[in-house]
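**Student:** Assemble the complex: chain A is given as a structure, and chain B must be docked to it using the hints.
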Amino acid sequence: MATTRFALTPESAHFPSTNFPALSTVNARPVLAFDTTTAETCYWTVVAPQGLAGALSAIIHVFGNAAGTNTVIFGVSVEAVTPGDATDLDAGTSFDTVNTSGAVAMPATQGHQTSVSVTLTNADSIAAGDYVRISLARDISDTFAADAYVTLVEIREA
Amino acid sequence: MAVVFANTQAYTRNSDQLTVGSHSFCAWIYRTSANSVLPGLFIAAWDTPQTDYLYFDTTSGTDLLELASNEANFQVASPTFPLNVWRFVAYSQPSGANNGTAWIWDTAGTMGTASGATRCPTNTIVTFSIASAATGYGLLGRMAGAKLWSAALTQAEFEREMWSLRPQRMANLHSWLPWVGGASGVDYSGSGNTWTAAGSPTSGDGPPVGWGAAPYIIGNPAAGRVIGPGTIWPTVTM
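Protein chains in written order, with our numbering: chain A, 1 to 158; chain B, 1 to 238.
Quick caveat, the hints were computed from the structure, so don't treat them as lab data. Ideal Cβ positions, reconstructed from N, Cα and C, are used throughout, including at glycine. One thing to keep in mind: the hints can contain errors.
[Claimed, not checked] Computed beta-carbon distance windows for the label pairs:
1) ASN19/A x SER200/B: 24 to 30 Å
2) THR151/A x LEU83/B: 31 to 37 Å
3) PRO16/A x ALA197/B: 29 to 35 Å
4) ASN19/A x GLY21/B: 38 to 44 Å
5) GLY92/A x ASN14/B: 47 to 53 Å
6) GLY61/B x GLN50/A: 54 to 60 Å
7) ALA2/A x GLY21/B: 54 to 60 Å
Bound conformation, chain A alone (with noise of 0.2 Å):
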């Protein structure tokens, strides 16, 4: 049985200095507004729980603020880091190579949800009580002509 690990809302995201998405709200649902244009991440810290042993895949929630069933595609990164771990957090990032969902159809409606699964084949062996970032970002090769509003991302162990 699958469990939720992680529930990333916007609310938690922190962002790079340039090219993120907008934290606002559509109807007071706070939302992440991933742009059609410009490519966008924003990541989040948290600590992996204990327990943590299977692999992981992120379902993002998302809808658009247009209709149409042209196709959004996320990228997810994952960034763990063992105390102890030769890894220089004062000279960069090491986030492991990008999870590519496959190019999703949103919905025919404007503002109704769909989900984007994105399995984490790249997880940087993360392991329990590792310090852990995620990285989402939109690749905006996809098709949606409109902002990606992202509600939730939820982090699950097979």
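**Tutor:** Only chain B this time, still in chain A's reference frame:
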């Protein structure tokens, strides 16, 4: 999300006794162009007929953060505040004739500060204006996460406020205008200090700052912890 000011827009409070005593202000601000006369005021307070005033802005031409009163003014030499970048700015003005202090941070966290002989106005202040369109020198740009306290905050306190749109210090919080949901004069501090819009401020993209809430981390039921299916543990403080 942020509020967009185009010189003729502002949020104003009248009949406000706040500025006769200590007060502090901070916000993320993005200048899009210089005002034709002055670079544009971020916030200003004045009495009638403007014999006493205090305003927070950038200097004309040199893009330096400035705190000015009818007594004195001073600038922060570095980092500068050029157009089209986000800066976190703050000032703290003790009551009476004590020096005010201004701070500016860029998005990399580089900080600059200066102090000078500004002082709280001695007369009762009747107008307090964010973006200050009424002066004719209003801000041309965007603002988010504006917070105003009726107390003189320290640098350490502003540093806590910088990376969270949600206030960290609740004591003496006079007004909080996050502008995440768009342009609005609603005060979210709980103090009920609603600000009146002048013109029609619009909305635009905000700064690289989060709300300041924690993500939810779910424990491991299989490890025997006393939690039910779906129980959520907010275990990280950001």
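**Student:** Taking the hints in turn, state whether each one holds.
**Tutor:** Do the hints match the structure? See the list:
no.: 1; hint: ASN19/A x SER200/B: 24 to 30 Å; in the structure: holds (29 Å)
no.: 2; hint: THR151/A x LEU83/B: 31 to 37 Å; in the structure: holds (34 Å)
no.: 3; hint: PRO16/A x ALA197/B: 29 to 35 Å; in the structure: holds (32 Å)
no.: 4; hint: ASN19/A x GLY21/B: 38 to 44 Å; in the structure: holds (42 Å)
no.: 5; hint: GLY92/A x ASN14/B: 47 to 53 Å; in the structure: holds (51 Å)
no.: 6; hint: GLY61/B x GLN50/A: 54 to 60 Å; in the structure: holds (58 Å)
no.: 7; hint: ALA2/A x GLY21/B: 54 to 60 Å; in the structure: holds (57 Å)
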